[in-house]
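A.B. asks: Sequence:
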Amino acid sequence: MNLSKEFYEGRKLENLVENQTSYTLNNASLHIFETHEQAERVLLKFDKPVLASMLKGKKIMHLRDQQSFNFLPGESLILPSDEMMCIDFPEAQFNNPTQCLAMAISEDKISKVLDHMNELMPKVDEGEWSLMDYNFHFTNDIGIYQILQRLLFLFTEDHPSKDLFVDNMLEELIIRILQTNSRKIYTEKSFRLSSGNRLAYIVEYIRKNLHNPLAVKNLSKKACMSESNFYRVFKNELGISPIDFINNERIKLAVSLLQNPNKSIKEVYQECGFESRSYFNRVFKSRKRMAPGDYQSKLNVRA
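Numbering follows the working numbering, with no gaps: position 114 of the sequence shown is 114.
Don't read these hints as lab results, they were simulated from the structure.
We put the beta carbon where it would ideally sit given N, CA and C, even for glycine.
Please note that a few of the clues may not be correct.
Derived lysine-lysine pairs resembling DSS-like cross-links, with alpha carbons at most 25 Å apart [to be verified]:
hint	residue 1	residue 2
1	LYS48	LYS109
2	LYS285	LYS184
3	LYS235	LYS184
4	LYS221	LYS189
5	LYS184	LYS288
6	LYS235	LYS221
7	LYS162	LYS184
8	LYS235	LYS123
9	LYS123	LYS162
10	LYS222	LYS208
11	LYS123	LYS58
12	LYS162	LYS208
13	LYS235	LYS222
14	LYS252	LYS288
15	LYS263	LYS288
16	LYS222	LYS109
17	LYS235	LYS252
18	LYS12	LYS112
19	LYS48	LYS58
20	LYS56	LYS123
21	LYS208	LYS235
22	LYS217	LYS263
23	LYS263	LYS235
24	LYS58	LYS5
25	LYS263	LYS252
26	LYS123	LYS5
27	LYS208	LYS221
28	LYS222	LYS266
29	LYS189	LYS162
30	LYS285	LYS235
31	LYS263	LYS222
32	LYS45	LYS56
33	LYS288	LYS208
FRET-style restraints, in silico, Cβ to Cβ [said to hold, decoys possible]:
hint	residue 1	residue 2	range
34	SER228	GLU128	44 to 50 Å
35	LEU299	ASN95	44 to 50 Å
36	ARG277	SER130	26 to 32 Å
37	ASP244	ASN15	53 to 59 Å
38	ASN212	GLN259	18 to 24 Å
39	ASP108	SER228	33 to 39 Å
40	PRO160	SER256	37 to 43 Å
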């Protein structure tokens with residue numbers, strides 16, 4: 001993710017640690033932080049819920065009641081209002097600064113999006129959309145990445161309608177983050193939730209049967225839904241289609257199996273439930289940007 005020429009032309013470098021450049025609109029504020037020297041135990045908090053996303057470099061985050069973790073480019077973090085962050089900058093240099101954006105979003109805007117989702121995208125089994133798990137740390141998917149890149153441009157652009165542009169983008173960003181969080185909850189807690197939630201039951205069933213054929217028609221029957229309603233509800237709540245979810249889970253399994261240098265590619269794709277090597281190769285390359293054989297060779301070289 002790149003900062004615009006307008007950002008560099010307009011910002012003032014006044015501090016070497018967490019130099020802040022801010023842009024404020026009706027429902028959100030964008031803050032770009034740059035750190036040009038190594039530092040430890042830097043404290044920071046916001047009075048609104050915040051999406052923090054790493055642009056460049058590395059931070060070590062220390063949050064309340066959590067083990068410290070590395071925060072790297074391509075990753076984001078959702079924080080509640082007034083959450084104190086304690087941050088280390090182990091690699092920052094003057095000519096290679098650490099850069100991070102923080103998007104503070106009004107709680108009123110979040111509430112309106114939640115009301116809109118509950119009206120038009122109701123959850124299965126009478127559940128309601130609510131605020132995401134706070135201190136939710138995730139890797140940006142392509143959709144979230146593109147929205148953040150667009151917001152970086154819009155906030156720094158001198159345009160009379162940018163408040164309207166940003167407001168529309170914020171709605172999509174909030175929805176995609178909630179769906180990403182929902183995927184995480186269903187994936188990590190599917191067994192516990194499966195007895196009382198049809199989607200959780202299906203997610204648990206998928207994860208236990210990756211080696212078997214998994215047709216949407218059969219999954220919808222297990223969920224006691226029509227095929228069209230099952231597809232709609234699944235995509236509304238998890239943000240991806242059932243087939244994409246199945247393929248993602250199968251690729252996770254394949255990555256684990258490929259760590260064994262004695263496993264043939266044929267054994268791997270069959271154990272993961274793929275019908276053919278060509279389809280396995282295509283799906284794997286779309287997720288990992290390389291063929292499974294090359295991925296396995298790379299792992300063995302590292303070992």
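A.B. asks: Straight-line Cα separation of LYS48 and LYS109 no greater than 25 Å?
C.D. replies: Satisfied, since the Cα-Cα distance of roughly 11 Å is no more than 25 Å.
A.B. asks: Assess, step by step, whether the Cα of LYS285 is no farther than 25 Å from the Cα of LYS235, and give holds or violated.
C.D. replies: 23 Å, holds
A.B. asks: Given the hint that LYS222 pairs with LYS208, test it: the Cα-Cα distance must not exceed 25 Å.
C.D. replies: Status holds; Cα separation ~14 Å.
A.B. asks: Are the Cα positions of LYS123 and LYS58 separated by 25 Å at most?
C.D. replies: 37 Å, violated
A.B. asks: LYS288 and LYS208 were given as a pair; does the straight-line alpha-carbon distance stay at or below 25 Å?
C.D. replies: Status holds; Cα separation ~23 Å.
A.B. asks: Regarding the pair LYS123 and LYS5, is the alpha-carbon distance no greater than 25 Å?
C.D. replies: Violated. LYS123 to LYS5 sits at ~42 Å, over the 25 Å cutoff.
A.B. asks: Given the range 44 to 50 Å, decide if the beta-carbon distance of LEU299 to ASN95 lies inside it.
C.D. replies: Distance hint for LEU299, ASN95 is violated at roughly 34 Å.
A.B. asks: Holds or violated: are the alpha carbons of LYS263 and LYS288 at most 25 Å from each other?
C.D. replies: Status holds; Cα separation ~19 Å.
A.B. asks: Given a hint of 37 to 43 Å, does the C-beta separation of PRO160 and SER256 actually sit inside it?
C.D. replies: 52 Å, violated
A.B. asks: Given a hint of 18 to 24 Å, does the C-beta separation of ASN212 and GLN259 actually sit inside it?
C.D. replies: Check passed, 23 Å falls within 18 to 24 Å.
A.B. asks: Against the 25 Å threshold, does the CA-CA distance of LYS217 and LYS263 hold or violate the hint?
C.D. replies: 32 Å, violated
A.B. asks: CB of ARG277 to CB of SER130, is that within 26 to 32 Å?
C.D. replies: 43 Å, violated
The structure does not agree with the numbered hints 7, 9, 11, 12, 16, 18, 20, 22, 23, 26, 28, 29, 31, 34, 35, 36, 37, 40 stated previously, though it agrees with the rest.
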